[in-house]
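Work the whole structure out from these sequences, hints included.
Residue strings, one per chain:
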Amino acid sequence: MPFEIFVALRYLRDQRAQTGLILAGIGVGVGVIIFLSALITGLQVSIIERTLGSQAHVIVRAPEQTPRLLPLPGDALRAVTVERPPQRVRVIDEWREIEAGLRRMPEVVGVAPTVTGPAIAVRGQSSIAISVRGIELDSYRGIVDVEERLVDGAFDLTGARAVVGTELARKFGIGVGGRLRIQAAGDRGGVYTVSGVFDYNSVSLNESLVFISLRGAQTLFDLGGGVSALELKGSDIFAAEGTALRVADRTGLDAQSWMALNGDLLTGLRSQSMSSIMIQVFVILAVALGIASVLAVSVVQKSREIGILRATGTQARTVTRIFLVQGALLGGVGSLVGIAIGTGLALFFASMARNPDGSPTFPIALTGLLYGRSIAIAMAVGLLAAVLPARDATRMDPATVIRNG
Amino acid sequence: MGEAASPPPVLEARGIYKTYGERVVTEVLKGIDLTIQAGEFCALTGPSGSGKTTLLNLAGLLDRPTRGQVLVEGRDTAPMSDVERTEFRGSRLGFVFQFHHLLPAFTALENVMMPLLARHGRPQPWIRDKAAALLEEVGLSDRARYRVTDLSGGQQQRVAIARALVVDPVLVLADEPTGNLDTESSAQVMELLRSGNRRLGTAFLIVTHEHAIAQSCPRIIHLVDGRVSWDRTTAEVQQADGALR
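As they're listed, the protein sequences go chains A and B. The working numbering applies: residue 120 is where the first sequence begins, and numbers increase by one. The working numbering applies: residue 2 is where the second sequence begins, and numbers increase by one.
Honestly, the hints are just simulated from the structure, not real lab data. Incorrect hints may appear among the rest.
[As the list claims (entries may be wrong)] Computed, partial: chain A to chain B, Cβ under 10 Å:
id	residue
1	F122
2	E213
3	R215
4	R423
5	G426
6	I427
7	R429
8	G432
9	T433
10	R436
11	T437
12	T519
The beta carbon of each residue, even a glycine, is placed where N, CA and C say it ideally should be.
This is how it looks when you write it as structure tokens:
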């Protein structure tokens, strides 16, 4: 064992009460950090999963149609009211090439061509306005795990089959095997058999969203072989905005990230993260001050011994390292205590608050990364906190401290 | 054919001055000239405030003179950096203090090992063996694993002597090594110092207030008011004492 660690360990062991108290202090601090991080990360993951479970990270569409004013001959002026044309389902030109290009982007993990358009679902005398989404199941399940949302039947979109939400099924009084008519603009439509029922945990989506095959939707909206959108999933959900900008830049199409589409949610998540970070910063500061004060006291208490070590040939830099090692050890061991406290607290909290189905009301995200980060932060804080006391120890004049000791 | 060069003295002080303070200046040493040869066993005596401990600190490279030169084994210590002085101290010099100044968190064996551990960076079997052998020589092999706080004053001073000798020093500087001990322990400690001097050829400079301890050393250097008042062999001192009677 290196000399510095040997001496540092012995000093920490020798000052048991002091070491125990500061370890408890660091432990509580790191425990709070772990508990807060686990809770807030868990909550955010849960919120994002619930909100974005039905959404792609980026949706690429053809640009909206806008009216253009043609120049008049000469300097003639005109006063006009320009009306925005009604937007029909727009098609992405040469979407297969664009899709292939998007798949080659390193941050893109999945691309799905879709057709989305408005329609009316009709059953008997009832009719409900719906949004029809035509998908290829193989590519779409790489973007959204739709099958996980199924509560009845199967996600079978072959032929004239459709998957509807629980709310639409309830309002129409149908289930798997039931039939409904889907009517689009221009008198296009057809009768579909319900193959499955999904639940997106959203009344509006459960009522208005209906899945059919991509080919069926292309026919329904008279798009030929075209698609209205390419939906992307990226490797990092929080990098979606950057991905959207790059896609728009490369393709000239409209690309919108989930962040742009859910601005309020993002602001809420960011505010939550910021408050959590602020709390953690103050806790880290308190831990750092605790370690620094204990080591400062230790330097004063050990001044005579530092003098003896220096007199008997211990270099000043070695004395510095002894105190830095003490700081790092306090941080490291304290973080292990903190991991135990934080994990225990988080698990206790999760076990106390549960939904009727037994799942935790407050999901917690205890990960190896969180533990590793906590240990690294605590050790770094311990080291930094030890710098000043270590410098004081190095500056001691051995002759003076021996004489006065 | 020239004569073989004689080895340089282990310690040579040339015109040493030492002052403390900036606004109120106290001159503690006022021009000390002193030479200690290899293997010498010297007492440094003098009244309180005469500058004995200050001289010892300068000789031990724990402090720098305000003026003058300190040479150890013929090497001028003035241009040495702090790192070099510490390295030199840890490899060529040994210290025994009045209050033994051991490290209370460590065992007797670890205290003896400490100078070598600091120098070599990590424990090695030969360091442990050497420290254990020295503890045996000072009669404490059965106390090797005791915390030094569990040892008597005499035992602690013996541990301090073993620690001073563990680096095979050319010079051991002892500041009142018997100052806190009873007569029997004092005699034991002095015998251990003499034994180290005989066996290893190490020079010793021992600060003492005790007449009997000083008389047991072959050479006595007496300081008064920051100057060497006299520097005599014990025989000369005894002769002078006899003449006075």
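Here is what the structure says about each hint:
no.	hint	verdict
1	F122	5 Å, holds
2	E213	69 Å, violated
3	R215	67 Å, violated
4	R423	7 Å, holds
5	G426	8 Å, holds
6	I427	5 Å, holds
7	R429	7 Å, holds
8	G432	2 Å, holds
9	T433	4 Å, holds
10	R436	8 Å, holds
11	T437	6 Å, holds
12	T519	9 Å, holds
Violated hints, listed in ascending order, are 2 and 3; each of the other numbered hints is respected by the structure.
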